[in-house]
Structures are given as C-alpha cells and as structure tokens.
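Visitor: Assemble the whole structure, with the sequences as input and the hints as a guide.
Residue numbers (my numbering), protein chains in the order written: chain A, 1 to 375; chain B, 1 to 302.
Check each hint, because a few of them may be wrong.
Claimed, not checked - The calculated lysine-lysine pairs, modelled on DSSO-like cross-linking and capped at a C-alpha distance of 27 Å, are:
| id | chain 1 | residue 1 | chain 2 | residue 2 |
| --- | --- | --- | --- | --- |
| 1 | A | 80 | B | 218 |
| 2 | A | 137 | B | 295 |
| 3 | B | 218 | A | 115 |
| 4 | B | 295 | A | 123 |
| 5 | A | 137 | B | 218 |
| 6 | A | 302 | A | 248 |
| 7 | A | 258 | A | 233 |
| 8 | A | 248 | A | 264 |
To be verified - According to the in silico footprint, chain B covers these stretches of chain A (three or more CB under 8 Å from chain B):
| id | segment |
| --- | --- |
| 9 | 77-89 |
| 10 | 105-112 |
Claimed, not checked - Heads up, incomplete: computed chain B residues facing chain A, CB under 7 Å, no partners named:
| id | residue |
| --- | --- |
| 11 | 197 |
| 12 | 201 |
| 13 | 211 |
Simulated from the structure, these hints should not be mistaken for lab results. Because the structure is a prediction, the values reported are computed rather than measured. Each residue gets a CB set at the ideal place from its N, CA and C atoms; glycine is no exception.
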Amino acid sequence: MAKTKVSQDTGDLVLNRISKYYGDFCAVDDLSLTIPDGSFFALLGPSGCGKTTTLRMIAGLEEPSAGTISIGDTDITTQKSYRRNVNTVFQNYALFPHLSIFENIAFGLRRRGIKDVKDEVEKALNLVELGHLSERKPTQLSGGQQQRIAVARAIVNRPEVLLLDEPLGALDLKLRRQMQIELKRIQLEVGITFIHVTHDQEEAMTMADTIAVMNQGKIEQMGSATELYEAPKTAFVANFLGQCNLIKVKVQSRSGGKVVVSAKGHTFEIPESRVSSSSDALLLGVRPEKLRLDDNGVNSIKECVVTDRSFVGTSTQYLVRTPWDLELVVFEQNDEGLHDLRVGDKVSLEWDSQHTFGLDGAQDVNAGADLDDDE
Amino acid sequence: MAFLHGATKSHSASSKGGSPKKRSLTPYLLLAPGLIWLITFFVIPIFSLASTSTMVRPQGAQIGTYVQELRFANYVDAFLANQEQYVRSFLYAGIATILALAISYPLAYMIAFKAGKYRNILLVLVVAPFFTSFLLRTVAWSQILGDEGPVLSTLRLLPFVDESLRLTATPFAVVSGLTYNFLPFMTLPLYASLERIDPRTLEASGDLYASGFTTFRKVTVPLSMPGVVAGTLLTFIPAAGDYVNAALLGNPSTKMIGNVIESRFFAVVDYPTAAALSFTLMATILILVTLYIRKSGTDELV
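Guide: Printed below as a string of structure tokens:
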C-alpha cells in the first residue's frame with residue numbers, strides 16, 4: 001500500500017515545457033507554468049484548449065509526452081496518480097455510489113493506512129457545512145451537496161495541490177455563485193494550492209488570484225483578473241474575458257508616451273505602455289462599459305447609428321454602427337445619466353485614452369469571441 | 001449577467017391536465033397477451049402439479065391412474081428417497097456457478113473496459129452459442145471430452161496422465177457442461193453492471209491513493225455486485241434443475257434431481273413423486289435465492 005508523505009511545506013508546482021500528443025493531435029503544446037504554493041490559480045479557456053489535459057497530467061491521470069512536472073524539489077512526472085499527494089475534485093464529482101458520505105470522505109485516509117479517521121472526516125464535513133449528512137449515500141444528495149462532498153473528500157487528505165476540474169459546471173447559476181464564494185473561503189482556510197480549471201471567465205475572475213488563459217494548448221496570457229481584463233495582450237484574451245470592441249487601426253506616430261493611431265479618418269490615442277506590439281498595424285481595444293455616448297473626448301467617433309438596444313437591468317446594451325459599418329458594443333449604466341436611445345438614433349461615441357489598449361494587428365478580430373458559453 | 005436569471009420563470013405548469021377521469025384501457029391491453037400466456041402455461045399447470053403431488057395410486061389400479069387423497073407424506077417419501085440427488089444437484093450447480101463467475105468476470109471486465117472497438121464483436125461472440133441448440137452443444141461436449149476427443153488425446157501426451165483416464169461420464173464432464181451452458185447468463189449481467197461503472201469513479205479511487213488492485217477490490221467489485229448477484233442467480237437456478245448435462249455427459253452416479261424428476265414422469269410414470277420433487281426443488285431454490293439476496297444486500301444497487 002502506498003503511504004504518501006504529507007509535508008506541510010510543499011513548494012511551488014512547476015510545469016516545465018510539458019506537451020501532450022494524442023496521435024497527431026497536440027492537446028498541450030510546450031507549456032511552462034509555475035504555480036506558487038498556496039495560491040488560487042485558474043486555468044481558463046474554451047473547451048478543447050488543453051486545460052483539462054493539463055490538469056490530468058498534474059493529477060497523474062495522463063502522462064506528458066514531453067516535459068517535467070515537479071512540486072518543490074520532487075519530480076512527479078512519472079509518479080503514479082495514487083502515489084501523488086495531489087487530489088482532484090472531478091467534473092461530475094465521481095463520488096463512490098456504494099459508500100456512505102462518511103466512507104467517501106474517509107476513502108483516501110484509509111488507503112493511506114490511517115486507522116482513526118473519524119475526527120478528520122468530521123472536520124472535513126464541517127468545513128463544507130454538511131456534518132449532518134455523513135450517513136447518507138451520494139445519490140440522496142443534491143448537486144450542490146455532492147459538490148461539497150467531493151471537495152471534502154479531496155481536502156481531507158491535505159494534498160499539496162488540489163485540482164478542481166470544472167467543479168461548478170453542473171450547478172445552476174445561483175448555486176454556482178454561492179459555491180464560488182464557498183470554495184474561496186475553504187481555500188483561504190486550508191491554505192492549499194488550488195488549481196481550478198474552467199471555461200467560465202466570470203468564475204475564474206471571481207475566485208482566482210492568478211488566471212492563465214489557455215488557447216490551443218498554449219497559455220495566451222497569465223495575470224490577475226484585473227490585469228487580464230484591463231490590459232489584455234492578445235485579441236483572444238480580450239474577447240474571451242468579457243466583451244471587447246476591437247478596431248483595426250494604423251499607427252501614425254509614437255511619441256511622448258502616446259501612440260497616435262487612425263482608422264478611416266478618425267484619430268485616437270493609446271498610452272504607449274498599453275500597446276503590446278511594435279507593429280504599425282494595431283487593433284485598438286476598448287471595453288463596452290468604457291465607451292460613452294458623448295462627443296467631447298480625445299477619442300471619439302461621430303455620426304454613429306444605434307442598431308440594437310437591450311435592457312439588462314443594471315445597464316442598457318447598445319449596438320452602435322460607426323460610419324464605416326463596424327458594430328461596437330456599448331454598455332450604459334442605468335442611472336441618471338441614461339440616454340435612453342432608440343434604434344436608428346444618431347449618436348457619438350467617446351472614451352478615455354487610459355482605457356484603450358493596442359494589440360498586434362495581425363490577429364483575428366474575433367479570436368476567442370463567443371466561445372465562453374459553449375456548454 | 002446574473003440578473004438575467006430568474007426573471008422569466010413563471011410559466012404555467014398546471015395548464016395541462018387532459019381528462020383524468022377517463023381511465024385508459026391501454027395498459028391492460030398491453031398486459032393481456034403476457035397474462036394470458038402466463039395463466040395458461042404457468043398458473044394452471046402449477047395448480048395441477050400441486051394437486052398431483054398429493055395424489056395416491058389406488059390399490060390395483062392401472063399405471064398412471066391416481067386419485068386425490070391429500071397425502072402430504074408424498075413429499076417426505078420423495079425427498080428421503082432422493083436426498084443424494086438433491087445434494088448433488090445443488091453441489092454441481094454451486095461449483096458450476098463459481099466456475100462460471102471465475103471465467104466470466106475477467107471476460108466481462110475486459111469487454112467493458114479494455115475491448116474498445118471490439119466490444120460489440122466480443123458481445124456477439126458471447127451470445128453466439130445461443131444460435132445453436134442447447135442439446136446439440138451438450139452433445140458436442142461429449143465428443144470433445146470423449147475418449148478419442150481432442151482434450152483427452154492432448155492430456156494423454158503428458159507423462160503423468162494414466163491411459164485409463166476418462167472424462168465423459170464423470171462429474172467433471174457434468175460440471176463442465178453446466179458451466180459452459182450457462183456462461184452467457186453470467187457474462188451478460190456482469191458486463192452490464194461493469195459497463196455502467198463511471199470510469200471517473202475508478203480515476204477518483206486512484207487519485208485517492210488506491211492502487212490498481214485496491215481500486216478493483218474497493219470500487220469495481222462492490223459496484224459490480226448487482227451483476228454478480230444477477231449472474232449467479234441466472235446460472236445457479238437453471239443449473240440446479242438441469243437434467244440434460246447429467247444425462248448426456250454423466251453416468252448413473254452423477255444423476256441430478258432433474259434426471260430423477262424426468263424419469264419419474266416419463267419412465268416410471270409416478271406423477272405424484274415427480275410433482276412433489278418439483279415442488280421441493282422450487283421451494284429450496286426460492287429459499288436459497290431469498291437468503292442470498294438478503295445477505296448480499298444489493299437491493300438498492302439493483
């Protein structure tokens with residue numbers, strides 16, 4: 001029987017140039033990543049981007065075709081999954097239907113030869129606030145309860161790293177929000193490194209300290225939620241996290257910390273620090289809530305037409321067509337400044353330079369758009 | 001975008017209803033053919049059998065003539081006279097069931113988890129023996145195990161095998177025949193329950209520090225218990241009452257209770273004894289099965 005040592009001081013999880021091929025298909029492509037000990041880390045990407053494969057390699061359920069995985073100083077690349085001190089919360093929980101909740105949680109402890117499991121199991125059950133359900137069978141629990149049990153079953157083992165594979169995917173929206181907060185609380189309480197795989201950008205942003213956005217087996221960009229949202233480095237990241245307006249522009253000049261660009265006779269300014277490419281063709285990016293329906297800023301587009309309007313409670317979303325037939329999305333808060341425009345109304349758009357970013361112009365403007373809610 | 005949720009959830013669930021008063025005849029019509037069949041060929045015969053079992057042949061009456069005298073001592077007499085065959089039936093059926101389980105489990109496991117694209121072909125192969133008659137297959141076994149058959153001639157090549165070794169007309173042949181004939185009844189339910197296991201529970205077990213063997217012992221086996229129970233019942237019950245294998249592959253000292261019943265009915269024309277034996281067999285199997293299901297405690301998994 002494998003007795004896995006439980007060390008408290010575990011060290012960072014390091015993925016060093018790992019790749020995974022299934023035949024000719026490359027699921028994970030030369031990926032390197034360091035996840036600091038004790039952090040809440042999210043791997044975010046559309047389905048098929050390789051995030052689950054990466055997770056399974058960390059769990060030991062798949063072996064990388066190339067590269068190494070280590071925790072602290074220990075290389076775990078070829079270690080069998082049952083010898084790794086890494087536990088997983090599976091997508092559909094994978095609770096053992098033939099065992100009681102108590103025995104489900106005790107499973108890992110018992111396999112490691114721990115005789116007195118009662119205290120540990122009860123502590124874990126209390127952590128997820130389901131102490132009263134220990135004698136039930138998994139099928140007698142609701143989805144949200146099963147989800148918590150799956151977390152308890154993994155956490156009771158005090159793993160060095162806890163992996164969460166789309167753990168909230170099967171829950172309804174309300175419960176999902178509740179569980180997001182819950183998981184965040186548990187992570188702070190136990191201090192274990194959490195790696196959370198999700199395709200839901202909102203979920204990743206709510207929970208994680210650091211988010212790595214994955215696309216086609218590679219990491220597009222890594223950083224905090226704010227960083228990724230406010231200063232995306234690629235069109236994919238800009239579109240995948242929230243909504244984004246991207247306008248093809250040409251660089252006119254770069255001086256004094258400003259990059260002046262133009263599109264169809266309109267000129268705009270971008271702070272140089274927010275331009276991630278030295279190319280002359282850029283994509284100017286600005287988030288819909290940063291656009292205002294006025295015309296007195298440095299960056300403005302006049303003579304636009306409202307083509308669609310939808311009221312969504314806290315804001316009104318407009319689709320606005322520019323004179324050169326590009327449709328931009330504008331969110332306007334439903335407060336006293338509301339314009340209350342109708343379809344067909346003439347309107348001007350303006351936004352602040354500091355909310356603008358510049359991306360390399362060779363990218364597909366629609367990369368990463370409409371991928372997030374594909375399930 | 002959360003605020004979109006919950007805003008549109010007031011649709012009318014009670015607007016449908018139809019006419020609940022009018023009882024539909026359809027369920028009864030659907031049941032009718034099976035019910036008629038069951039009554040004609042099971043319920044009526046079983047009452048007639050029960051009544052026969054307590055009959056007595058009057059002094060000097062012709063063979064095959066019996067009158068009802070409610071003589072329950074028929075049961076005691078019949079049982080005492082055939083204890084040996086009773087015990088043998090359950091022993092052979094038990095051994096055959098265990099052998100079938102031992103052969104079927106790895107097979108079903110392989111088909112469920114490892115066969116990949118060959119899964120359907122393998123399942124067809126498991127069922128394929130049913131394409132020919134049960135009797136023919138049993139006769140074939142007497143050829144296979146016969147003195148000039150392939151099994152014995154191969155065995156004779158071994159140095160320690162005696163020239164006088166025989167396989168037909170032995171308990172070995174009878175148990176082999178039983179095992180073989182009921183193998184699909186074991187394999188298919190086992191396959192069905194193994195196939196239903198979510199592979200992620202097996203991964204979860206490995207993730208929770210269980211080695212491959214421990215996972216098998218602690219997760220796979222318990223989750224396949226419904227299949228084990230169904231398979232053993234489907235094998236044991238017909239095997240205990242079988243008389244074809246003992247008749248074609250056995251000798252007079254390997255007779256099972258089925259053979260006794262058969263000869264009481266058709267050779268000796270002693271209907272009451274045959275009927276009493278049939279009922280005793282049914283009752284014994286019923287009790288054993290009930291105890292077994294109670295003990296294995298799989299009712300909530302079935």
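Visitor: All hints are to be evaluated individually against the structure, with a verdict given for each.
Guide: Hint by hint, here is what the structure shows:
1. This hinted pair checks out: residue 80 of chain A and residue 218 of chain B have alpha carbons roughly 18 Å apart, not beyond 27 Å.
2. A C-alpha spacing of about 19 Å is found between residue 137 of chain A and residue 295 of chain B, which places the hinted pair at or below 27 Å, so the restraint holds.
3. Restraint check: the Cα-Cα separation between residue 218 of chain B and residue 115 of chain A comes to about 17 Å, which is no more than 27 Å; the hinted pair holds.
4. About 34 Å separates the Cα atoms of residue 295 of chain B and residue 123 of chain A, which puts this hinted pair outside 27 Å; it is violated.
5. For the suggested pair residue 137 of chain A and residue 218 of chain B, the alpha carbons sit about 16 Å apart, so the restraint of at most 27 Å is met.
6. For the proposed pair residue 302 of chain A and residue 248 of chain A, the alpha carbon gap of about 17 Å is at most 27 Å, so the pair holds.
7. For a cut-off of 27 Å, the pair hint linking residue 258 of chain A to residue 233 of chain A stands: about 18 Å separates their Cα positions.
8. Pair hint residue 248 of chain A plus residue 264 of chain A holds up; C-alpha atoms about 9 Å apart against a cutoff of 27 Å.
9. Restraint check on the segment 77-89 of chain A versus chain B: 7 residues with Cβ-Cβ distances below 8 Å, three needed, restraint holds.
10. For the segment 105-112 of chain A, the assignment as covered by chain B holds, since 4 residues bring a beta-carbon within under 8 Å of that chain's beta-carbons and 3 suffice.
11. Of the supplied interface hints, the one on residue 197 of chain B is violated, with its beta-carbon coming no nearer than about 9 Å to a beta-carbon of chain A, more than 7 Å.
12. Given hint, residue 201 of chain B at the interface with chain A, holds; its Cβ is 5 Å from that chain's nearest Cβ, closer than 7 Å.
13. The beta carbon of residue 211 of chain B comes within 5 Å of a beta carbon in chain A, closer than 7 Å, and the hint placing it at the interface holds.
The structure is inconsistent with the numbered hints 4, 11, although it conforms to all the rest.
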